[in-house]
Amino acid sequence: MQLDKIQKREQLTGWMLTLPALLLLLLVFAYPIGQAFWLSLFTKNLATQLQPVYSGWNNYVRMVFDGRFWETMQNTTIFTCVSVFLELLLGMGIALVLNQSFPGRGIVRTIAILPWALPTALMALAWAWIFNDQYGVWNDILQRLGLIHTEINWLGEPSLAMMAAIAAEVWKTTPFISILLLAGLQSIPVELYEAHALDGANPWQSFWRITLPLLMPQILIALLFRFAQAFGVFDLVLVMTGGGPAGATETVSLYIYAMVMRYLDFGYGAALIVVTFLLLVAAVAIVSFLLSKARNSKF
Amino acid sequence: MSLIQNLKLVHLPKSKTSNYSHLLLSVFVLLVAIFCLAPVLWQLLTSLKVNADISAVPNVYIPKRYTLAHYTELFTRRPFLNYIFNSALVSITSTVLCLALGAPAAYALARLRIWGEQVILAGVLIVTLFPYILLFLGLLQVVQALHLGNNYLALIIPYTAINLPLTILVMRSFFQQLPRDLEDAAKVDGYNIQQILLQIVLPMTVPALVTTGILAFIFAWNEFIFALTFITRESLKTIPVATAQLGSSSVFEIPYGAIAAATVLGTSPLVLLVLLFQRRIVQGLTAGAVKG
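Protein chains in written order, with our numbering: chain A, 1 to 299; chain B, 1 to 292.
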């Protein structure tokens, strides 16, 4: 009976220690999502004088026929897939380089996480300046190399603006992936490579047979984090292009923000949030499933 | 040991290829460094150029004149000191709060068997994946209901919350690695949980708290969408928002020099943190992401 009492007290203390954090998490994460679900069933905009009027599935029906929504969805998908793919490639390359031993490795490792730590909004300004059509250094370099002869308006052409935004995103978030992959690389025992080399395998073969399979959990985790964050990209695009030119870089998050803050259409904005949330949950579920499979096959 | 020596012997005759691969590695290392640093350095150089050089075509890479005018302009013609103060206040306060709330929760989740532990952990993990755009509308209504618009609390509260999942995950993995013996000994000596936490666990936890605190500070300092939405009064704005709005403030001429200077100022605390605490940041990030 003594033990029972101790356990009960442990329960109580445990909950007392956890509760403040949990309540705050509920307030800041659970409440807004729940609220969006609720509000998405109402029309609340300037036409209803910002009073919520129940309208059932209207907001969702409207979304089906909302061309701008589908365009932003497409932009977001392109932005996310291309940038996450490039980040994975580049992040893997950087992690492999940083895993070698060379003089000054500590410094280079420090430099290599710098982009991740810097404020996205500020670095978006820096990238907008790099891609500036008149004074931008990117045009200048290309001209000096003789690759182009007249300045290119990187942020003014629809397809180029998307490329510029992706470039900035890749620069900013590749370090996150290389940090994760580097940690994974360091946990692979050297003996595996040595044994493989004794069997006559070259480094290229070792990479495919040892490194990649053993890194799968880290790769999937990186994918998971990056996918979710890239899908919700906001600061970078807002500051760099504002969603332009002509909506070519408008992502779902910018559309949601404009719907709420500029058009004051709260009900429809909430419906957009709900759909984005559900899409993310679905994507995360798929990657988590792959992750658990990769982990199980490893052990 | 002999295996490794043999291996080296096997590779010795190929010293030519190893020379090539050495050169190749150096080139790659250089590329990585340039890739990561160039945009930052270019912004730094721009911030020190005179206006004529900033708008020179072709670009000036090695200016003959340098100036601090863009920096002084930020403080004399704009309330930049205010912005720095706001960013620092909001980030530091939320970081401290986050540690104060998150560390005990992490301890409970690591050490005590509480009901629903798995559910809580899963929830905490999922929540780290939420983009903030999904939260801002609901939070906006909370802010309006509580009349917190243009109040530091409108940022401090969400910043504390968005850093809680990472704090809980990192601190929990730290507590799990901590040997239990000391706590058990203290329990035998009749300490209660509060005493154990404050007198025995806390002192050992300082390094992990620093690691987590640095990450929380970085995230808070960099946050954009809440700061953009909940704060409209000029004197309360944080650096990222204020700097982003520098460009749109004047219709005729974009103050590239001032923007560059503001970028450098806004990023420099973080550059310093990275230089000082590179190892801790890497540890914290991998613990938060991988161990979960």
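Note that these hints are calculated values from the structure, not bench results. Just so you know, these numbers come straight off a predicted model, no measurement behind them. Each residue gets a CB set at the ideal place from its N, CA and C atoms; glycine is no exception. Keep in mind that a hint or two might mislead.
Label-pair ranges, simulated between beta-carbon atoms [what the hints assert, rightly or not]:
id	chain 1	residue 1	chain 2	residue 2	range
1	A	156	B	151	37 to 43 Å
2	B	253	A	150	22 to 28 Å
3	B	20	A	105	17 to 23 Å
4	B	33	A	195	30 to 36 Å
A few chain B residues facing chain A, derived, Cβ under 8 Å [unchecked claim]:
id	residue
5	41
6	42
7	188
Hint check:
1. A:156 - B:151: 37 to 43 Å: holds (39 Å)
2. B:253 - A:150: 22 to 28 Å: Given range 22 to 28 Å: holds, Cβ gap about 23 Å.
3. B:20 - A:105: 17 to 23 Å: Check passed, 20 Å falls within 17 to 23 Å.
4. B:33 - A:195: 30 to 36 Å: Check passed, 33 Å falls within 30 to 36 Å.
5. 41: Residue 41 of chain B check fails; min Cβ-Cβ to chain A is 10 Å, beyond 8 Å.
6. 42: holds (6 Å)
7. 188: It is violated, given that the least Cβ distance between residue 188 of chain B and chain A is near 13 Å, above 8 Å.
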